[in-house]
Amino acid sequence: MRRPPENGEAASEGIGSWGLWGQQEPRRLRCAGPDHCGQALLQIGINMMALPGGCHLDSIPLPGQRLHLMQVDSVQRWMEDLKLMTECECMCVLQAKPISLEEDAQGDLILAGGPGPGDPLQLLLKRGWVISTELRRIGQKLAQDRWARVHSMSVRLTCHARSMVSEYSAVSRSSSQEMDQIEKLLMEKCSELSAVTERCLQVENEHVLKSMKACVSETLSTLGQHFGQLLELALTREVQALVRKIDASDNIYTTESTTGNLFSLTQEGAPLCRIIAKEGGVVALFKVCRQDSFRCLYPQALRTLASICCVEEGVHQLEKVDGVLCLADILTDDSHSEATRAEAAAVVAQVTSPHLSFTQHLSSFLESMEEIVTALVKLCQEASSGEVFLLASAALANITFFDTMACEMLLQLNAIRVLLEACSDKQRVDTPYTRDQIVTILANMSVLEQCASDIIQENGVQLIMGMLSEKPRSGTPAEVAACERVQQKAAVTLARLSRDPDVAREAVRLSCMSRLIELCRSPSERNSSDAVLVACLAALRKLAGVCPEGLQDSDFKQLVQPRLVDSFLLCSNMEESFV
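Quick note: the sequence shown uses full-length UniProt numbering, first residue 1, plus one each step.
Hints may be right or wrong, so weigh each one.
Under the rule of at most 35 angstroms between Cα atoms (straight-line distance), these lysine-lysine pairs were calculated in the DSBU-like manner [stated by the list, open to error]: (1) K141 - K213; (2) K184 - K141; (3) K287 - K245; (4) K184 - K245; (5) K210 - K141; (6) K278 - K184; (7) K320 - K378.
To be clear, the hints were calculated from the coordinates, so they are not data collected in a lab.
Full structure from sequences and hints, please.
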């Protein structure tokens with residue numbers, strides 16, 4: 001959610017809704033949203049515990065070089081950006097001029113070299129990134145009353161804007177009256193900004209400067225709005241050209257190249273995904289996925305669709321063209337490659353994500369749900385790699401949130417056996433992200449009475465016990481968060497299953513109570529996560545109700561007997577001793 005601009009931040013208002021430049025991370029598969037347990041502590045009970053969301057195609061970093069979801073390496077992106085920048089200090093030294101004493105002088109951006117000729121998309125993206133960065137920095141300097149810097153950056157901004165307009169005009173196919181009008185307004189505001197900031201340099205009266213500051217802020221805001229409008233219009237024209245090219249092409253190489261360009265655009269952020277969806281990108285890509293002559297392009301087209309469907313417009317377009325039926329056909333057709341079916345699973349994971357409220361109205365999905373669930377379970381069983389298993393299991397995990405009937409279907413398809421057997425196969429399940437999907441499915445299925453017997457039969461309690469000890473290998477924030485989700489959901493699953501006395505006794509036999517106590521009392525074991533603490537307290541209380549003899553008196557008096565909120569406060573305030 002956008003926050004209101006503070007002093008000097010008016011420049012970002014016009015581009016704040018875009019967030020295109022330097023903001024977008026590589027598109028990945030995202031698992032489980034924010035932890036709600038700590039915030040709803042007084043209301044939580046074992047039957048009310050809610051798992052944090054499912055998976056979203058924006059988070060889970062996938063290992064290695066991914067066939068299915070292209071990742072943009074941050075170092076590679078930085079190297080590309082360097083081509084567009086020079087440091088003012090270096091230029092000063094080369095010209096034998098004194099080096100500025102201002103600490104932020106090295107941060108100035110000057111476009112050293114533009115994109116190749118005839119490449120309007122790259123021109124727009126790179127010039128747009130530089131201009132939006134300049135706008136943001138001018139807002140920061142304005143807030144600090146650094147008038148000399150504000151003026152010099154305003155002059156540079158005018159140069160960048162003029163270059164973008166002239167270069168794009170030189171390579172674009174044609175112009176429109178609306179674009180010409182916005183270009184004129186943009187350049188007028190740039191000139192106005194340069195003029196007013198120059199006058200501010202000559203004013204010493206603080207009261208006058210304060211009134212002029214408001215004028216500069218307003219001008220900067222209007223300039224940002226004109227820039228955002230111009231950029232959106234120009235990008236829309238380029239997207240329209242790409243979509244028309246895909247729609248009209250019967251050449252496999254042309255379609256492959258154009259689809260790749262479209263996918264690259266989706267990685268620039270949600271605003272471009274919305275433009276692509278509105279301009280018929282979803283329709284064109286499903287047209288590709290329905291032509292046998294383009295079978296080798298299905299994975300690329302599906303990968304692009306998964307990215308577009310992170311926005312509401314993309315999901316609506318998918319439903320309009322019976323996209324769910326097309327996905328079901330691909331998933332259930334064994335003649336398609338595993339890569340193709342995995343990418344179809346990724347689209348399913350995206351459109352069923354519980355993070356996206358607008359996907360809950362996909363009526364067409366319910367009609368094909370049984371076929372899709374069956375195909376996904378089969379894909380999990382036959383997956384040749386961890387990445388394929390991750391995509392298929394993520395789709396299943398999200399479907400269990402999407403509709404409760406899915407859990408009953410999974411039970412009938414012996415999905416518990418398939419998932420638990422996969423846990424012993426390091427080729428398929430070797431990361432906390434994948435175990436997060438598995439435990440999500442188990443947690444949602446554990447609300448069914450029949451689930452307990454299947455869990456015991458497949459030694460599932462021992463597996464859940466192991467998940468309570470999930471530890472990150474690399475220590476990256478994403479992996480640490482995934483481990484927390486695994487621990488939390490494992491505790492939730494254990495608590496739900498412990499209504500069955502056989503499961504509770506098996507858990508006590510496997511020393512689950514000892515591990516739960518350790519997680520409650522030792523913040524480092526749960527990475528100081530409140531959500532894990534709440535889930536472990538609830539599971540411990542459930543087990544203690546069936547087998548109280550497994551607890552020491554001190555544990556019972558501190559962790560079970562008091563109100564849940566009191567036990568939570570006791571454990572969350574514990575400081576580890578380093579003596």
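Quick rundown of the hints versus the structure:
no., hint, verdict
1, K141 - K213, "11 angstroms, holds"
2, K184 - K141, "26 angstroms, holds"
3, K287 - K245, "12 angstroms, holds"
4, K184 - K245, "30 angstroms, holds"
5, K210 - K141, "14 angstroms, holds"
6, K278 - K184, "27 angstroms, holds"
7, K320 - K378, "28 angstroms, holds"
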